[in-house]
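Let the sequences and hints guide you as you build the complete structure.
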Amino acid sequence: MIDLITLKSGDRLLLQKGIIAEVTENMGDGMWVEARFIEVPERPGDAGVVELCHAQDIVKVLNAS
1 MIDLITLKSG
11 DRLLLQKGII
21 AEVTENMGDG
31 MWVEARFIEV
41 PERPGDAGVV
51 ELCHAQDIVK
61 VLNAS
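So in our numbering, spot 14 of the sequence shown is number 14, and the numbers just go up one at a time.
The set of hints was computed from the structure by calculation and includes no laboratory data.
We put the beta carbon where it would ideally sit given N, CA and C, even for glycine.
Each hint should be verified, as a subset may be incorrect.
Stated by the list, open to error - Quick list of in silico lysine to aspartate or glutamate cross-link-like pairs, EDC-like style, CA-CA up to 16 Å:
(1) 8 / 42
(2) 8 / 46
(3) 8 / 29
(4) 60 / 3
(5) 17 / 39
(6) 60 / 39
(7) 60 / 22
(8) 17 / 46
(9) 17 / 42
(10) 8 / 39
(11) 8 / 25
(12) 17 / 3
Stated by the list, open to error - Quick list of simulated restraints, FRET-style, between CB atoms:
(13) 12 / 56: 15 to 23 Å
(14) 3 / 45: 28 to 36 Å
(15) 41 / 63: 16 to 24 Å
Dropping the structure here:
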């Protein structure tokens, strides 16, 4: 599991199902971040959607800002 406390706005994440997202806000609880979907392979129309992401949904950090 990823240490969410260290994530900042602008960090890019690889989520489950190949989704690439960018952190928009860190809730600071170590469990949740708000992120905007950049690439959604299964549903391209969801690009731009902002959702809460749980630590278990994050596969890896792609780059840190």
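Tested hints:
no.	hint	result
1	8 / 42	violated (26 Å)
2	8 / 46	violated (22 Å)
3	8 / 29	holds (13 Å)
4	60 / 3	holds (10 Å)
5	17 / 39	holds (10 Å)
6	60 / 39	holds (15 Å)
7	60 / 22	holds (12 Å)
8	17 / 46	holds (13 Å)
9	17 / 42	holds (8 Å)
10	8 / 39	violated (19 Å)
11	8 / 25	holds (7 Å)
12	17 / 3	violated (20 Å)
13	12 / 56: 15 to 23 Å	holds (18 Å)
14	3 / 45: 28 to 36 Å	holds (32 Å)
15	41 / 63: 16 to 24 Å	holds (19 Å)
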